[in-house]
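Enquirer: The primary structure of each chain is shown beneath.
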Amino acid sequence: MITLDASGPLPPFEQIRSQLADQIEHEGLRAGDRLPTVRRLAEDLGVAANTVARAYRELETAGLIETRGRAGSFVAGSGVEREAREAARLYVERVRALGLDDRALLQLVTRLLGQPG
Amino acid sequence: MWRVDGVERFVVVAGVIAAIVIALPTRAGLAKAGHRFAREYDLWIAPELMAAVDRAHRRDRWVLATAVLAAVLLFVLLPAATLRPFIVVAAVLPVFAVGRLLLGGRDFPVRAGRATVARSRAVGVTDYLRPTVPLAFALWVTVGGVAAVLGALWSEPAVLTGGVLLVVATLVVAGYVVALCRRPEPASDAEHLYLQDAWRVSRLDLTLSQLGFAAVYLGLVAAGDAPSGRVAVWVGVAVVATAAYALGVGGRARFRERLWPDLPPGRLLAVGGPA
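Respectively, the protein sequence lines represent chains L and P. Taking the working numbering as reference, the numbering of the first sequence is continuous, increasing by one, and the terminal residue is 117. Taking the working numbering as reference, the numbering of the second sequence is continuous, increasing by one, and the terminal residue is 1275.
It is possible that part of the hints are untrue.
One side of the interface only, derived from the structure: several residues of chain L facing chain P at Cβ under 7 Å [as the list claims (entries may be wrong)]:
hint : residue
1    : 3
2    : 23
3    : 43
4    : 46
5    : 106
Derived contacts from chain P toward chain L, CB cut-off under 10 Å, selection only [unchecked claim]:
hint : residue
6    : 1189
7    : 1229
8    : 1230
FRET-style restraints, in silico, Cβ to Cβ [stated by the list, open to error]:
hint : chain 1 : residue 1 : chain 2 : residue 2 : range
9    : L       : 69        : P       : 1010      : 54 to 62 Å
10   : P       : 1059      : L       : 69        : 22 to 30 Å
11   : P       : 1085      : L       : 1         : 23 to 31 Å
12   : P       : 1042      : L       : 22        : 25 to 33 Å
13   : L       : 22        : P       : 1209      : 26 to 34 Å
14   : L       : 57        : P       : 1270      : 49 to 57 Å
15   : L       : 50        : P       : 1270      : 46 to 54 Å
16   : P       : 1032      : L       : 10        : 40 to 48 Å
None of these hints come from the bench; they were simulated from the model. From the three backbone atoms N, C-alpha and C, an ideal C-beta is built for every residue, glycine too.
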């Protein structure tokens, strides 16, 4: 549930963004959940569509949601999934900086996965 | 100018009186309907919101009265035939659907200056209604299609018209269900949102039961008028229509389970009261 307080100190787009972000982080919304359309949420909350669109844009930039064309906006993943994705991104950046190509990078991971724990 | 016989005159007078009675309910009648709605959906509604529930019921009754008047007009205009009552019943369903769609989402507005709440995930038809509703729609279309084809094969134009009309009514009602579920539900708190969900489900369920009744009625009327060799076929059609009714209607528990999973079954919810 999103609660919008018109007399609150935060601007409406920030109230929407922060509450959605909080629900995604704490798995109130799960990976793959579809968010309401911009128009529907704007009409439900009584705000301009631009306000909701801005909140969605910022969540998308933060990697919390993804827009799949006409299908709508979806939660990109849970906190664990996002952390894992971020760790993978850092790994790729680091290994490339060391001058290794992508094949070597994958071989390293495959070899690690093949090792008994 | 068409001629109106005794039966038709009776139907017209009875229909107009019924429309007036429906459109102008008594205060006690409205209160009774409101209390029944609250009881069925486990609600306690504060007096100031009860007035809004009464208004919503009154508007819904205007839609019903309009549909009854349309039915009376259609009854007079159509030539006398066994299936005329069915055609009237099926043809007014789109009037219900369109009327209710026009009112949808505007019944319980948020008071100015109050906070607003909204769901953070998208909801669809099967969040409000039973998951078997799409199957029920498919069966209703099948019943109408079969009736139309058999009506054409057996040279029974009234059955053909009835079948086509049932298909059209089913498609219109399906469109109405999808469109109403997409309508916004502006709410000032969670309880207010629950009230709107409950009202939406009650209107959807009512329309689906009217469609279900029309489909069963078509099978029975066609069976009653058919030569003995074909009665079993129409009884079979009526049985399928009854199965569709059972699959499509009665989704009261569904929305609580899907949209309000934290509410234990039977827990009363208080709506309204001081801001």
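Enquirer: Confirm or reject each hint.
Expert: Against the structure, the hints come out as follows:
no.: 1; hint: 3; in the structure: holds, 5 Å
no.: 2; hint: 23; in the structure: holds, 6 Å
no.: 3; hint: 43; in the structure: holds, 4 Å
no.: 4; hint: 46; in the structure: holds, 5 Å
no.: 5; hint: 106; in the structure: violated, 36 Å
no.: 6; hint: 1189; in the structure: holds, 8 Å
no.: 7; hint: 1229; in the structure: violated, 52 Å
no.: 8; hint: 1230; in the structure: violated, 47 Å
no.: 9; hint: L:69 <-> P:1010: 54 to 62 Å; in the structure: holds, 58 Å
no.: 10; hint: P:1059 <-> L:69: 22 to 30 Å; in the structure: violated, 38 Å
no.: 11; hint: P:1085 <-> L:1: 23 to 31 Å; in the structure: violated, 47 Å
no.: 12; hint: P:1042 <-> L:22: 25 to 33 Å; in the structure: holds, 29 Å
no.: 13; hint: L:22 <-> P:1209: 26 to 34 Å; in the structure: violated, 41 Å
no.: 14; hint: L:57 <-> P:1270: 49 to 57 Å; in the structure: violated, 38 Å
no.: 15; hint: L:50 <-> P:1270: 46 to 54 Å; in the structure: violated, 36 Å
no.: 16; hint: P:1032 <-> L:10: 40 to 48 Å; in the structure: holds, 45 Å
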